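Residue numbers (this note's numbering), protein chains in the order written: chain R, 113 to 220; chain A, 10 to 115; chain Z, 265 to 574.
Errors might be hidden in some of the hints.
Pulled a few chain A residues facing chain Z out of the computed Cβ check, cut under 8 angstroms [unchecked claim]:
#: 1; residue: Ala22
#: 2; residue: Val24
#: 3; residue: Gly36
#: 4; residue: Phe44
#: 5; residue: Arg60
#: 6; residue: Pro71
#: 7; residue: Phe85
#: 8; residue: Val101
#: 9; residue: Ala105
#: 10; residue: Gly108
To be clear about the criterion: a stretch of chain Z counts as covered by chain A if any three or more of its residues have a C-beta under 8 angstroms from a C-beta of chain A, and this derived list gives those stretches [unchecked claim]:
#: 11; segment: 274–287
#: 12; segment: 307–315
#: 13; segment: 371–383
#: 14; segment: 422–436
#: 15; segment: 492–502
#: 16; segment: 506–517
#: 17; segment: 531–540
Calculated from the structure, these hints are not laboratory results.
The structure presented is a predicted model; accordingly, all values stated were derived computationally and were not measured.
Every residue gets a Cβ at the ideal spot worked out from N, C-alpha and C, and that includes glycine.
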Amino acid sequence: MSLIADAFTLVFVAAGIAFFAAGTLGLVRLPQTLSRIHALTKADNVGLALIVLGLLPQAANVLEGAKMVAVWLLAQLASGAVAQVMAEAVMAETKATKDAAPPEEGHP
Amino acid sequence: MTGALLFGLAGAALVGCGVYGLLTAPGALGRVLGFNILGGGVFLMFGVVARRGAGAGFGADPVPQALVITGIVVAFCATALAVALLVRLCAVQAEAARGGDGDKET
Amino acid sequence: MSLVFDAVLCLVLLAGALGVVTTGAARPAVIAFIGYGLLLGLAWVRLAAVDVALTEIAIGSGISGVVLLRCVRALPAEPLTPAPNRMLKPLAAVVSITIAAALAAVVLALPEPAPSRAADVAAALPATDLGNPVTGVLLVFRALDTLLEKVVLLLSLVGVWALSRDPACRGRPAPLSPEPAPAPSAFLARVLAPIGVLVGLYLLWAGADHPGGAFQSGAVLAAMGLLLVMGDQIRTPAAESRGLRLLLLAGPFGFLAVGFAGWATAGVFLGYPPGAEKAVIIAVEVAITVSIAVTLGLIVLGPPAGEERP
């Protein structure tokens, strides 16, 4: 029984690491900020989900498993919202440079 | 024990990095960062002393741990004050560069 | 196996630190510094110092990171610096390698039965009714350090406020984000802040027996306050508000009052009344947590911008 659980953990954590590696590769190699954010948030969320799923059979009790799931949910929430905020900032910046806005920032 | 030794050597190397940053940084902010890395290295060496002093059922000697916590907070205070001074200095310099005809200064 | 992990962690840590000091531009250096702080927190976990790891990540990386990023935004893009001397970099490298090598020799020569106060702490801890030895050292055995550090934190805020344009130091600090706040920030503040406040209070409560305590809790609460400010859910507080100043002073002065009362109740400065140690320790912890949270948040927000003109 524990052998099956260990194999499950191994497969899912390895898959999660692969997703993280892909996300990091995207962050380093992709040319535009928006596509970088996209690669990072999508791949890392799936990677974290796979790692948490893989570690669930190793949890000592239900509470420990619930804590890991809560960490995943919070990371999901934060990364989604932060990606949106960053994307809006990038859009505003590109718009400002396209409109050839005055070099002085409007905000002091 | 060898793991702790590894972190001790890393702490020594971090101090070296911090000193290098302090000496070569092009701006004041870089020096603040170098100072923080230097501090991190010193704390890490302290942490190795704590880890080596593990005993009485504790994973690490609690006295150095508490000192490091205090040290981190004090280092943050120094950093925050330095950064605030730097921001104000830049504002004053920018006003001086504009000809000093801005609003009245104190 | 774990030795391999430690070695990789040390190498990545060093790479991060080198990245911080060799990157010329300010913003990448600060971002590398935040990552370095997170890795340093991982190193603390490996050294069995979970309390320090929490403090390093919350204060050394998190709150410091926000302060430094705000600074980057306020600085001019191209700092005017004279071209460094050609000899400076090799010379600095030699000096820093020499210092690092000397320290490494010291680490290798540490005395073999390592000196430790762990046994003393274990012997004295039951009298305090606390389960977490680090909290015991911070609040009981070396309470003077903690008290003075609260004063340092307060003085740091006084220093930041002294840089205000308004000589009387009135008004609110400048807002953290453009107004109105972007919708995702507001959403994040509304959803995450209640959970974060709960986590902060849990860290305070658990700190008596498990890793956690006043600093970590105060840092998380301050972060949640800043999140609410960024999401436009609350306004930055006015510096002249009496309630705010009371919150700032509650921790240091409450601690000091308990310290003086120690002469009457326990016969020594910073002694706790026998029989009621735990209740008084928890009261002191709550007071200093509130003050730490408010002080940290206000340090990040910066000096007040002067009195508002209606």
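| field | Numbered hints the structure breaks, given as an ascending list | value | The structure conflicts with hints 4, 8, 9, 10, 15, 16 and 17, although it agrees with all the remaining ones.
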